Amino acid sequence: MHMCSQITMTVNGAPIVVPSGTTVAVAMAIAGQICRTSVSGEPRGPLCGMGICFECRVVIDGKPHRPGCQILCKQGMDVKTDE
Amino acid sequence: MNDDAYDVVVVGAGIVGAACADEFTRRGMYVAVVDRDMVGGGATAAGMGHIVTMDDSEAQFALTRYSQQLWQKLRPELPIDVEYDQCGTIWVAADEEEMIEVRRKQDYYGQRNVPTERLDAQTLTRLEPNLRPGLAGGLLVMEDAVLYPPCAARFLMERAQKQGATLHLGRSVAQAGQGRVTMTDGFEISANIVVNAAGAHAAKLTPGVEIKKRKGHLVITDRYTGFLRHQLVELGYLKSAHSISNDSVAFNVQPRRTGQILIGSSRQYRADQTEVDNGILARMLQRAQEYMPGLAQMLAVRTWTGFRAATPDKLPLIGPWPGDSSLFLATGHEGLGITTSLATARILVDQITGAKPEIPIQPYLPSRAAMEHAHV
Numbered sequence: 001m002h003m004c005s006q007i008t009m010t011v012n013g014a015p016i017v018v019p020s021g022t023t024v025a026v027a028m029a030i031a032g033q034i035c036r037t038s039v040s041g042e043p044r045g046p047l048c049g050m051g052i053c054f055e056c057r058v059v060i061d062g063k064p065h066r067p068g069c070q071i072l073c074k075q076g077m078d079v080k081t082d083e
Numbered sequence: 001m002n003d004d005a006y007d008v009v010v011v012g013a014g015i016v017g018a019a020c021a022d023e024f025t026r027r028g029m030y031v032a033v034v035d036r037d038m039v040g041g042g043a044t045a046a047g048m049g050h051i052v053t054m055d056d057s058e059a060q061f062a063l064t065r066y067s068q069q070l071w072q073k074l075r076p077e078l079p080i081d082v083e084y085d086q087c088g089t090i091w092v093a094a095d096e097e098e099m100i101e102v103r104r105k106q107d108y109y110g111q112r113n114v115p116t117e118r119l120d121a122q123t124l125t126r127l128e129p130n131l132r133p134g135l136a137g138g139l140l141v142m143e144d145a146v147l148y149p150p151c152a153a154r155f156l157m158e159r160a161q162k163q164g165a166t167l168h169l170g171r172s173v174a175q176a177g178q179g180r181v182t183m184t185d186g187f188e189i190s191a192n193i194v195v196n197a198a199g200a201h202a203a204k205l206t207p208g209v210e211i212k213k214r215k216g217h218l219v220i221t222d223r224y225t226g227f228l229r230h231q232l233v234e235l236g237y238l239k240s241a242h243s244i245s246n247d248s249v250a251f252n253v254q255p256r257r258t259g260q261i262l263i264g265s266s267r268q269y270r271a272d273q274t275e276v277d278n279g280i281l282a283r284m285l286q287r288a289q290e291y292m293p294g295l296a297q298m299l300a301v302r303t304w305t306g307f308r309a310a311t312p313d314k315l316p317l318i319g320p321w322p323g324d325s326s327l328f329l330a331t332g333h334e335g336l337g338i339t340t341s342l343a344t345a346r347i348l349v350d351q352i353t354g355a356k357p358e359i360p361i362q363p364y365l366p367s368r369a370a371m372e373h374a375h376v
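Top line first, the protein sequences correspond to chains V and X. Start counting the first sequence at 1; every next residue gets the next number (the working numbering). Start counting the second sequence at 1; every next residue gets the next number (the working numbering).
Chain X on its own, in the form it takes in the complex (with noise of 0.2 angstroms):
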């Protein structure tokens, strides 16, 4: 069976997929997006919602920072179950030697315009009093926000489908390139141009994309207001999220709107399968109460994993893949798809439509890999 050809065709619903389909549909092309799902049900449901500005290197600052300043654009228009909250972040330091790092940072952001604030022991206290006693401050990042990322993708996706994409939910995807994709019921969309948007799942479809699972565990209380009123991050972070080989934990906590806090956060390469790991569990909750003990009288009401979709260099595949004209991947984002998936779309379909992208695309080009390959 066959329908009639689109110009493009977007495998996966996900946050990233819905902003490629709000953003095609934007500039007039005719979209179909196929997920075998629904709407932002993999890694946009299991993560945090956290819009934050890296600096990793450069291309992941310029990639979060343009992506940040798109949502603060859109955020007039953001329904209010997608709860935008601009509430900041904290690198928390625990010792004079990430005092070191606060420094450093906060003259990375400064040189490039992003607002920080840098807090000593007290103010950090002040701030947020459930903190332990003892740390040695922190770098306060205030454009950083939160939001629910499923509704977000919801709300691109549905303003995709107003301005004319179709949405075919509940299909498995078995080949996708060369103008078409093919589901595993037979049904065959034709396109143009065909998007690889499928997250952790993108190597399956697209054989030689270099992108491994890298799961991760969740955990929400009950409600608490005013326990917690900023994203708090350790700055030990940047080392275990580094990591590339060992499993790893790191104090990692959001605040909802609801009063509900997100305990997080836990990285394991080789961990394919989706149960609650009690163990790696254990050692995050440890760590979460090393740094807020309060935690520990708390109720948590659920727990569960995620599949982040992990690239060898921890950037993102955004633009055409080689070896299929028709071919086009927006995956491989990591921990940071909620954050960059507005700025991957732009830049993916600036590419396909000629127009020049606000940042400089190389960085994220899926044939860096090959022309790495080729300097060997």
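Isolated chain V, as found in the complex (with noise of 0.2 angstroms):
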């Protein structure tokens, strides 16, 4: 049997294992938190899943506007949720 591997990361600053291949859209929604928040105060998440519409921006090691659903989990990654 294929052993699919785990990927330990944060999620804003909580620790989450999710199977290595999974996106960063979906690691936030696994860990049940919002990708980023609109100017009005809207949460927001992935919309088309294919790197257009960047409703799923994140946070990413630091780095602001991500585009979650683009971009593969790794060990030891940190997510937060963007403004």
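The set of hints was computed from the structure by calculation and includes no laboratory data. Keep in mind that this is a model prediction, so the values were computed, not measured. Keep in mind that a hint or two might mislead.
Example chain V residues on the side facing chain X (calculated, C-beta under 7 angstroms, incomplete) [unchecked claim]: (1) Val39; (2) His65; (3) Glu83.
Idealized CB from N, CA, C, for every residue including glycine.
Could you use the hints to bring the two separately framed chains together as a complex?
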């Protein structure tokens, strides 16, 4: 049986374990966190899922506005909800 | 088809036309406004929205300062979406030569009761830590502000409408003058007074008006809250903005309330097309990155262009047009139309109603060009 490796990372400061191959946008959903907050304060998350709409922007390792649906989770990654 | 006769018909619903409509109706006049597109859709929508006191000339200082004070008075009435923010301007000095200009500018403003603060290199770094190290200092002009121009224009136009103005949008004007405005669809409005407030298009409506289109580019970034706190303009801006003939770029960045950053600026004559020119855009962004290296890491979400209405002597045209007693101009504001819209409206309506303007109006009279020719 194929063993899927596990990745440990943090989402908004809390540790989470996800299977390798998981996108950051999915990790946010698993963790129950929103990707970003709109200018008017609304919660936002993935819409197109293909890197076009930029609704799933997150802060990855301190870099803001990364498209969460286009980036795979990595061991030790630190992800935060974007502004 | 004829409409009822108005006191005034204003051509152009940019921020200048909207301010004029507001001022005319405030003084009890019956006003119509015509625009081929929408309220605040031309240079008003393209510009940065910097409410700035300038000192290129006494006349420019008088108009920008007077208008800034009118904005300050209006501020409590502005809706939240106008985003008026008195963040101040810092004129950034790159070297000791530019610090001499900082001192001159500080003296000039000080003598005219405009509060400023001279910044040494350390203070500049403390106020704007994302500027590159090694700059000489700057001048903080704390009453300068920023706003969101399309919403400011909409606010002024809505207030004019509440005061009785009628608004005709989506109608191109074919002819304006001799007491009437005729649209390309044949619709006609009669009025005692016609105001050409058509910005960079003013010369098409009134042949002989010396206005050229001066193209500009802007970029807006995604949200980077706290990265930038003041409007920053390089002092070298003066050299580039003064250059009449050549394409020029200057470091000029503005913080928006959303955390977004507006990045400018460029100036081009003989560029009539609206498309983004990647060559000058690259030069503009390169210049901005020389001052703020961190901009290079940012996401830009939109890039656009607009056309300033530039006059040969860099002052707007406000007042009667010689040869047509019904026709008045309110145009030619180059890059300062958002700042000077309110003062423009005041001194135009003062002239028409016979009220005493609060500043001398001679420098802005359209007849000045004709007089210059007569003196040759």
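Hint check results:
no., hint, in the structure
1, Val39, "holds, 5 angstroms"
2, His65, "holds, 5 angstroms"
3, Glu83, "holds, 5 angstroms"
When each numbered hint is compared with the structure, no violation occurs for any of them.
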